[in-house]
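There are 4 protein chains.
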Amino acid sequence: MAGNTFGKLFKLTTFGESHGEAIGGIIDGCPAGLELNFDAIQNEMNRRKPGQSEIVTQRKEPDTVEFYSGIFEGKTTGTPIGFVIKNTNQKSKDYSHIKDVYRPSHADYTYEKKYGVRDYRGGGRSSARETACRVVAGAIAKQLLSTIKINAFTSSVGDIFLEKSYQDLDFSNTENNAIRCPDKDTAELMISKIKEIRKEGDTIGGTVTCVLQNVPVGLGEPVFDKLHAELGKAMLSINAVKGFEYGSGFCGARMKGSEHNDLFNDDGSTKTNLSGGIQGGISNGMDVYFRVAFKPVATIIQKQDTLDSSGNIVEMQGKGRHDPCVVPRAIPIVEAMAALVLADYMLLDKVSRL
Amino acid sequence: MAGNTFGKLFKLTTFGESHGEAIGGIIDGCPAGLELNFDAIQNEMNRRKPGQSEIVTQRKEPDTVEFYSGIFEGKTTGTPIGFVIKNTNQKSKDYSHIKDVYRPSHADYTYEKKYGVRDYRGGGRSSARETACRVVAGAIAKQLLSTIKINAFTSSVGDIFLEKSYQDLDFSNTENNAIRCPDKDTAELMISKIKEIRKEGDTIGGTVTCVLQNVPVGLGEPVFDKLHAELGKAMLSINAVKGFEYGSGFCGARMKGSEHNDLFNDDGSTKTNLSGGIQGGISNGMDVYFRVAFKPVATIIQKQDTLDSSGNIVEMQGKGRHDPCVVPRAIPIVEAMAALVLADYMLLDKVSRL
Amino acid sequence: MAGNTFGKLFKLTTFGESHGEAIGGIIDGCPAGLELNFDAIQNEMNRRKPGQSEIVTQRKEPDTVEFYSGIFEGKTTGTPIGFVIKNTNQKSKDYSHIKDVYRPSHADYTYEKKYGVRDYRGGGRSSARETACRVVAGAIAKQLLSTIKINAFTSSVGDIFLEKSYQDLDFSNTENNAIRCPDKDTAELMISKIKEIRKEGDTIGGTVTCVLQNVPVGLGEPVFDKLHAELGKAMLSINAVKGFEYGSGFCGARMKGSEHNDLFNDDGSTKTNLSGGIQGGISNGMDVYFRVAFKPVATIIQKQDTLDSSGNIVEMQGKGRHDPCVVPRAIPIVEAMAALVLADYMLLDKVSRL
Amino acid sequence: MAGNTFGKLFKLTTFGESHGEAIGGIIDGCPAGLELNFDAIQNEMNRRKPGQSEIVTQRKEPDTVEFYSGIFEGKTTGTPIGFVIKNTNQKSKDYSHIKDVYRPSHADYTYEKKYGVRDYRGGGRSSARETACRVVAGAIAKQLLSTIKINAFTSSVGDIFLEKSYQDLDFSNTENNAIRCPDKDTAELMISKIKEIRKEGDTIGGTVTCVLQNVPVGLGEPVFDKLHAELGKAMLSINAVKGFEYGSGFCGARMKGSEHNDLFNDDGSTKTNLSGGIQGGISNGMDVYFRVAFKPVATIIQKQDTLDSSGNIVEMQGKGRHDPCVVPRAIPIVEAMAALVLADYMLLDKVSRL
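From first to last, the protein sequence lines are chains A, B, C and D.
Residue numbering for the first sequence follows our numbering, starting at 1 and increasing by one per position.
Residue numbering for the second sequence follows our numbering, starting at 1 and increasing by one per position.
Residue numbering for the third sequence follows our numbering, starting at 1 and increasing by one per position.
Residue numbering for the fourth sequence follows our numbering, starting at 1 and increasing by one per position.
Worth flagging that the hints you see were computed from the coordinates, not collected in a lab.
Everything numeric in this text was worked out from a predicted model, so none of it was measured.
Any given hint could turn out to be false.
Note: identical chains are not told apart, hence a pair may lie in one copy or across any two.
[Claimed, not checked] In the DSS-like style, the derived pairs of lysine-lysine whose C-alpha atoms are separated by at most 30 Å in a straight line are: (1) 195 <-> 350; (2) 271 <-> 193; (3) 303 <-> 350; (4) 149 <-> 75; (5) 164 <-> 256; (6) 184 <-> 60; (7) 350 <-> 271; (8) 75 <-> 193; (9) 8 <-> 199; (10) 164 <-> 86; (11) 8 <-> 319; (12) 86 <-> 184; (13) 350 <-> 113.
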């Protein structure tokens with residue numbers, strides 16, 4: 001109930017603070033008999049880790065996953081998969097300056113008020129470091145899904161938008177640039193923008209679009225656990241996310257029914273896909289696609305007034321190595337969460353009919 | 001797991017198809033000792049029911065709730081509250097024309113594929129009739145929350161947007177017009193728009209904004225069950241919803257950190273509230289506000305091609321009494337779901353610290 | 001969380017007090033496509049209902065189930081099955097004498113202390129009337145299980161024990177006598193005993209044995225949700241149950257390993273079955289059998305001292321129509337709970353391996 | 001769902017096989033602000049670990065717990081407590097002889113059939129080594145409960161029974177002997193019995209009694225989650241357990257209502273306590289007591305026929321260092337599970353009334 005578990009049948013429970021000894025998790029419910037590709041798992045970890053490119057934080061975190069259980073001779077055994085990622089980069093002394101200070105638009109204040117105590121080092125539990133565990137589990141979920149293709153990419157940075165429809169993109173280009181935008185020209189604009197912002201000591205928001213292809217018909221559990229409702233929750237649970245829309249999204253709210261309805265082909269596919277591949281909370285076999293809004297990172301390298309624990313307004317300045325834009329590193333996290341949702345719903349669907 | 005339960009401690013499980021004998025639900029986990037105002041519950045039901053005004057469906061559904069348990073001498077007893085709403089308006093013959101046809105952008109096709117069988121009458125389980133049960137539970141949750149103010153209103157219909165900030169609105173006006181927009185002039189434009197659309201036999205989408213005031217600091221369960229993640233799931237589980245954003249939302253993704261950060265006052269409140277009252281998934285005492293996008297109703301009174309169960313494309317035309325715009329009737333549903341989330345998190349928060 | 005839901009995938013949530021308007025429940029997660037035999041359901045209800053024979057309470061409760069949803073043209077649709085059983089026999093005035101009194105060894109005192117309020121009429125929520133809902137759900141679960149045979153029977157009343165091994169019994173005789181013991185001679189002794197006890201205004205305890213045959217290998221979820229652990233919980237959740245043992249049970253605690261081990265045949269079956277068909281929490285294909293202890297009914301037709309809500313010791317005497325021995329009517333309830341556990345674990349097992 | 005999580009609000013999820021790299025777990029939902037006594041935790045671990053005395057297995061497992069998260073400056077923070085216990089004693093080669101053999105009355109066969117793969121080393125996941133994680137969590141739960149006293153002890157070994165009532169025992173003697181029976185004379189008989197059995201290469205069963213004192217009135221969640229139902233499940237989930245009874249237990253099934261009813265004192269306590277401190281699933285403030293039956297350990301140092309994975313009956317002989325009687329090492333596990341149940345229900349009770 002305390003909110004550290006995701007999923008109903010394919011379940012991930014995570015633990016760990018950014019500057020504790022380690023973070024880690026338990027994947028419970030992964031079916032037995034899945035042959036794991038450990039390189040693929042580490043590859044996902046590498047996509048998320050800091051220091052990959054010049055537009056992300058230069059912190060060094062090797063992010064090596066140690067699996068402790070649930071795997072025997074390379075295969076899952078049906079028992080829980082315990083894993084740990086050591087925190088090798090715990091520079092706790094770096095954080096003494098925020099011990100008694102609530103950073104603006106961070107979770108320092110709310111954790112303190114809710115729990116009465118707070119591990120202030122590097123954001124503690126509220127740090128996005130926790131998402132490394134999601135990427136581990138998501139990488140395993142991806143292997144379980146195998147035939148489903150999950151592709152996320154950067155669709156905007158600040159006011160620079162990728163104008164093309166996803167159908168016109170070649171997802172194999174996504175990893176070719178630092179911002180993970182499959183359109184080279186837009187990617188360059190985005191990267192320039194981020195460099196400019198970073199020079200100002202500032203940060204910038206952006207959006208991620210994610211496309212799920214080859215999703216079988218029938219995934220999703222009405223009423224409350226609609227496929228898109230769970231995808232939405234999954235995305236909104238990622239640090240810095242402010243919004244989620246799927247299919248026509250907020251634009252759909254401006255349309256007429258006669259424009260918005262997706263007419264059928266005789267094979268059950270639809271001529272258009274404003275529905276985003278989901279009807280009544282259940283996948284219909286068309287592409288599922290959605291968009292996620294990320295706010296700008298709250299830590300800026302500028303002076304700001306803030307509040308200390310004694311109730312005084314004090315001046316502080318962000319230090320250390322922070323991301324000027326969270327979006328490129330969020331791509332594998334968005335994919336991981338999508339994979340977790342799909343894996344869970346594939347298992348749930350196995351029991352939906354005789 | 002089959003997705004008909006919402007909440008962790010304050011739990012609602014619903015049942016019922018639009019043209020079965022009855023719909024209903026069980027509220028489990030409502031604390032004992034709550035004195036219920038039954039008029040207030042029925043009032044919420046009346047806000048949702050069809051036939052209230054000229055811009056909604058003219059179906060007649062009295063929507064009277066019968067409570068069967070969990071209440072003794074007007075107070076909750078801590079045992080489950082079972083309730084039933086009879087379907088008095090079951091004109092099943094009206095629906096024979098869709099028995100073998102999958103209506104475009106409805107859930108007919110996906111239910112059929114997922115379950116192999118389908119109650120085709122009036123959408124069956126996928127009908128928004130199910131939301132009546134949410135309103136019952138939400139009305140009780142509202143009474144549990146008492147000091148928290150929950151106000152939803154129509155913020156757009158098609159391209160007509162309410163331009164004012166919610167701070168400049170008087171929520172006591174919301175119920176004064178058929179579209180439930182607290183700004184009279186905008187309301188009139190919206191109503192005209194809907195009438196025009198209905199004349200065309202068409203439908204139109206819109207958005208609902210919801211504001212939660214006097215939310216105590218500390219509600220929300222990081223990591224996966226962040227307050228806004230659960231609010232997002234709750235809203236996305238409502239029929240026809242395509243998107244959710246809170247605080248700065250999708251606009252926040254275009255901003256810089258220096259613009260977006262909410263600086264503190266010395267009482268812990270913030271000068272701005274782009275965060276939308278939530279930091280790290282936990283409420284910070286500021287107003288929580290969010291916006292929900294509704295697509296246009298899929299049933300239009302125009303001829304459309306569609307698919308039948310034998311794989312033929314056939315022409316069909318919507319019949320019966322349908323809403324030209326779902327938004328005004330969605331207002332009490334949005335509020336109900338928000339109340340359910342808040343009630344659940346208030347209970348969860350009681351066990352978060354010694 | 002409030003404890004009114006049983007099961008993980010095949011889930012039953014119940015509501016209702018003994019003297020409220022109705023009791024009922026929601027079965028969520030029953031797979032779609034199950035053709036229901038309604039006579040079989042009603043037959044199980046009839047086995048549980050009062051007034052069937054001279055050794056049970058003579059209250060009249062027709063216990064007719066009304067199904068409101070989840071079933072279409074005789075088949076389950078995969079949506080929740082809502083059902084209601086009206087309380088036709090609400091003689092509330094009968095219970096004014098216990099309004100301010102806590103009956104000994106009843107739940108009056110604990111409900112009052114836990115919840116602060118209490119529906120005192122006929123035991124309210126703590127009444128065994130609630131088990132009628134379990135029988136409804138169990139009857140559906142039985143139909144889902146089809147090939148598994150579930151047979152419970154009375155194995156003791158007071159000091160009268162059925163001495164035969166279950167292998168030597170013909171379960172088709174169970175329903176041939178009022179006590180539901182498949183051995184005619186023992187049944188007669190038990191019935192005489194109960195009549196004698198009833199004449200004294202007293203009550204008596206007993207045990208029920210239940211045998212599950214044709215259970216497929218592989219049901220059960222280690223570690224915490226072992227098959228026998230969940231069976232145990234299911235049985236202990238039935239009113240008046242004081243103990244549970246399976247396989248060798250408490251006798252097994254007196255044995256040596258060399259006596260207790262079940263040696264294999266070459267088809268994987270075992271020569272003996274002290275294990276009770278379960279190894280490591282997972283069924284092994286042998287018969288699962290267990291025994292459940294029921295205490296004597298607390299309501300006796302004799303004068304007893306008791307406590308009133310003002311803290312005075314007062315004399316009271318049980319009134320009304322009560323069971324002198326709960327065991328015969330408990331048989332269908334034990335079977336229903338076993339069916340619920342098995343149905344749940346059959347669904348869970350579908351996702352345990354690729 | 002895969003059964004590796006225990007509890008609803010105070011939740012323990014465990015992972016690990018007996019001969020993997022490590023075992024461990026995550027405690028989610030422990031309230032913030034609890035000052036932990038780490039010596040007390042290690043002390044509980046030491047009570048469970050092998051090699052403590054001459055009547056238990058002589059394997060050496062230091063069982064040192066490493067906490068990775070959820071604790072800051074000695075106090076719980078409300079975030080998940082991740083912990084790991086390294087398997088320092090992984091002599092995997094010892095187990096090659098059981099690689100293709102299903103040991104009688106072990107879980108080898110059922111795991112193989114359920115999952116299709118199996119970590120055969122030392123029982124893998126089905127090994128009682130997993131219970132070390134329960135003891136860690138139970139030790140923390142005990143600290144949360146503080147005022148509740150939890151005392152388990154050996155009440156029988158084979159046919160040697162502790163005849164005294166628990167009221168006549170001094171629990172401070174429990175740890176004074178190897179069998180953990182607070183009565184010195186009975187303890188000596190039990191120890192002699194075990195030594196004799198071990199000489200034969202055999203094993204023996206026994207029972208554990210557990211007494212919970214100072215339990216507040218009101219713990220327990222009717223209907224399905226009655227306090228004793230959850231205690232029963234908790235105990236039945238421990239390796240080798242075959243039965244559970246509380247209060248009068250199976251003896252209660254032989255009694256009359258007039259003998260069994262617990263009459264009240266005017267302070268709400270009862271003159272007798274055949275109920276075992278629970279009425280209607282809710283604690284009544286009297287001592288809660290229950291008894292747990294453990295079968296003899298299946299691994300005996302004698303030749304036995306068994307089945308191999310090719311379907312042949314082969315002769316095998318247990319090797320290695322095994323417990324001749326599981327009961328003395330089960331004492332801290334029984335206490336740990338009782339503590340987990342009580343901690344969970346104490347939290348649940350906080351939300352049961354306004």
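Taking the hints in turn, this is what the structure says about them:
Proximity of residue 195 and residue 350 under a CA criterion of 30 Å is satisfied in neither setting, with 48 Å inside one chain copy and 45 Å between copies. When the C-alpha separation of residue 271 and residue 193 is checked against a cutoff of 30 Å, the pair qualifies only between copies, where the shortest distance is 28 Å, while the shortest distance within a copy is 37 Å. Within a single copy, residue 303 and residue 350 get their C-alpha atoms no closer than 55 Å, and across copies no closer than 37 Å, so neither meets the 30 Å cut-off. For a Cα distance limit of 30 Å, the shortest separation of residue 149 from residue 75 inside one copy, 22 Å, qualifies, whereas the shortest one across copies, 35 Å, does not.
Within a single copy, residue 164 and residue 256 get their C-alpha atoms as close as 23 Å, and across copies as close as 24 Å, so both meet the 30 Å cut-off. Taking the shortest Cα distances, residue 184 and residue 60 sit within 30 Å of each other inside one copy (27 Å), while across copies they are farther apart (57 Å). For the identical chains of this complex, residue 350 and residue 271 are intra-copy neighbours only, at 29 Å inside a copy versus 35 Å across copies, given an alpha-carbon limit of 30 Å. Proximity of residue 75 and residue 193 under a CA criterion of 30 Å is satisfied in neither setting, with 45 Å inside one chain copy and 44 Å between copies.
With identical chains, the CA atoms of residue 8 and residue 199 are never at most 30 Å apart, being 44 Å at best within one copy and 46 Å at best between copies. Taking the shortest Cα distances, residue 164 and residue 86 never come within 30 Å of each other, neither inside one copy (41 Å) nor across copies (50 Å). Taking the closest pair of Cα atoms, residue 8 and residue 319 never come within 30 Å of each other, the shortest separation being 40 Å inside a single copy and 39 Å across copies. Taking the shortest Cα distances, residue 86 and residue 184 never come within 30 Å of each other, neither inside one copy (36 Å) nor across copies (48 Å).
Proximity of residue 350 and residue 113 under a CA criterion of 30 Å is satisfied inter-copy only: 13 Å between copies versus 43 Å inside one chain copy.
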